[in-house]
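Engineer: Single-letter residue listing:
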Amino acid sequence: MQKMRRKGRLRPLKPPDIFLFFLFLLPLFLMHGEKGEVIEIWVDGKHVLDCSLKKDTILVVEGKLGTSRVEIREGKVRMLESPCPLKLCMRRGWIEKRGEEIICVPQRIVVRIKGRDEYDAVTH
Amino acid sequence: MPSRIKPGKLAIFTAFAVSLYVLETFFPKPIPWFRWGFSNAFVLALLIEEGILSAFLVSIGKTLIGCLFTGTLFTPSLLFSFTGGMASLLVMTGLYFSGIFGIIGTSMGGAGAHSLAQVLLSSLLFTGRPSFSYLYPVFLAFSSITGTITGVIAWKITERSKRWH
Chain C
1 MQKMRRKGRL RPLKPPDIFL FFLFLLPLFL MHGEKGEVIE IWVDGKHVLD CSLKKDTILV
61 VEGKLGTSRV EIREGKVRML ESPCPLKLCM RRGWIEKRGE EIICVPQRIV VRIKGRDEYD
121 AVTH
Chain X
1 MPSRIKPGKL AIFTAFAVSL YVLETFFPKP IPWFRWGFSN AFVLALLIEE GILSAFLVSI
61 GKTLIGCLFT GTLFTPSLLF SFTGGMASLL VMTGLYFSGI FGIIGTSMGG AGAHSLAQVL
121 LSSLLFTGRP SFSYLYPVFL AFSSITGTIT GVIAWKITER SKRWH
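As given, the protein sequences belong to chains C and X, one line each in that order.
When we follow the numbering used here, the leftmost residue of the first sequence carries the number 1, and every step to the right adds one.
When we follow the numbering used here, the leftmost residue of the second sequence carries the number 1, and every step to the right adds one.
Hints in this document: simulated from the structure, not taken from any laboratory.
These numbers come from a predicted model, not from an experiment.
Glycine included, C-beta positions come from ideal geometry on N, C-alpha and C.
It is possible that part of the hints are untrue.
Restraint-style ranges between C-beta atoms, simulated for each label pair [as the list claims (entries may be wrong)]:
hint	chain 1	residue 1	chain 2	residue 2	range
1	C	Lys114	X	Pro7	56 to 62 Å
2	C	Lys46	X	Leu64	52 to 58 Å
3	C	Leu49	X	Leu135	31 to 37 Å
Pairs of lysine-lysine, DSS-like flavour, derived with a Cα cap of 30 Å [stated by the list, open to error]:
hint	chain 1	residue 1	chain 2	residue 2
4	X	Lys9	X	Lys162
5	C	Lys14	X	Lys156
6	C	Lys64	C	Lys114
7	C	Lys14	X	Lys162
8	C	Lys87	C	Lys54
9	C	Lys46	C	Lys76
10	C	Lys97	C	Lys35
11	C	Lys55	C	Lys97
12	X	Lys29	C	Lys97
13	C	Lys14	X	Lys9
14	X	Lys156	X	Lys6
15	C	Lys114	C	Lys54
Please construct the entire structure, taking both the sequences and the accompanying hints into account.
Structural biologist: Here it is as structure tokens:
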């Protein structure tokens with residue numbers, strides 16, 4: 001064992017260690033939510049329609065207060081126009097990742113990008 | 001590498017490891033299920049000095065007695081702790097005796113393996129099949145930091161433990 005120490009095997013830090021450190025941090029920077037491909041629109045708890053994100057279009061959705069317009073452009077979705085008083089759904093801006101949602105409470109409209117996971121977390 | 005097991009040394013290392021295991025539950029946790037894993041430093045130091053068998057015994061002892069003290073004996077926590085401990089021990093043995101990595105790198109690898117084993121086990125328990133979580137990159141980034149700290153502790157232990165022989 002003393003021989004091993006003298007051979008320098010017991011070094012606390014070797015150059016590959018630093019490489020390993022950054023290798024472990026790498027996935028954090030590569031991690032972005034996956035872009036979605038299909039949106040689903042729910043009105044008042046009912047699934048109204050699915051729509052692909054590949055084609056640019058403007059969807060007209062009838063809600064509780066009137067007509068909302070949902071814009072799809074370049075794989076992203078936003079609430080273009082809504083008759084609701086606070087316009088929170090419009091201020092949500094563009095969404096593009098799986099599991100993201102635009103919710104308009106007064107209109108009872110949910111625009112959701114379909115994801116792989118059915119739930120965010122499990123706790124016990 | 002001496003193959004003879006030194007009961008006195010194992011007892012001291014187990015006692016220290018359990019103390020750290022209990023102490024680190026007082027530390028704040030940035031995310032749920034996170035552990036600092038300082039007690040692993042004693043397992044790593046023993047792995048370097050006495051080989052895998054002694055480290056294996058202390059790892060089991062640390063898990064059982066530590067869980068007894070933190071009140072998680074016979075709960076899923078014990079299973080997670082045990083799986084993580086074994087995975088990290090195997091990976092640390094491989095990394096250290098490959099001769100490529102130093103103590104700190106070995107410790108980081110062990111911490112990463114610990115969290116990987118737990119992520120796989122939790123997905124296996126809750127969804128019925130092993131899968132990667134979106135959370136794993138976060139755990140891995142944390143394990144590079146906690147692994148570095150643990151590695152420094154293990155290095156200091158190996159420097160000082162000559163006196164305990």
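Engineer: Next, verify each hint and record whether it holds.
Structural biologist: Hints, verified against the model:
{"no.": "1", "hint": "Lys114(C) - Pro7(X): 56 to 62 Å", "verdict": "holds, 60 Å"}
{"no.": "2", "hint": "Lys46(C) - Leu64(X): 52 to 58 Å", "verdict": "holds, 54 Å"}
{"no.": "3", "hint": "Leu49(C) - Leu135(X): 31 to 37 Å", "verdict": "holds, 32 Å"}
{"no.": "4", "hint": "Lys9(X) - Lys162(X)", "verdict": "holds, 11 Å"}
{"no.": "5", "hint": "Lys14(C) - Lys156(X)", "verdict": "holds, 16 Å"}
{"no.": "6", "hint": "Lys64(C) - Lys114(C)", "verdict": "holds, 24 Å"}
{"no.": "7", "hint": "Lys14(C) - Lys162(X)", "verdict": "holds, 22 Å"}
{"no.": "8", "hint": "Lys87(C) - Lys54(C)", "verdict": "holds, 26 Å"}
{"no.": "9", "hint": "Lys46(C) - Lys76(C)", "verdict": "holds, 23 Å"}
{"no.": "10", "hint": "Lys97(C) - Lys35(C)", "verdict": "holds, 4 Å"}
{"no.": "11", "hint": "Lys55(C) - Lys97(C)", "verdict": "holds, 16 Å"}
{"no.": "12", "hint": "Lys29(X) - Lys97(C)", "verdict": "holds, 29 Å"}
{"no.": "13", "hint": "Lys14(C) - Lys9(X)", "verdict": "holds, 28 Å"}
{"no.": "14", "hint": "Lys156(X) - Lys6(X)", "verdict": "holds, 20 Å"}
{"no.": "15", "hint": "Lys114(C) - Lys54(C)", "verdict": "holds, 14 Å"}
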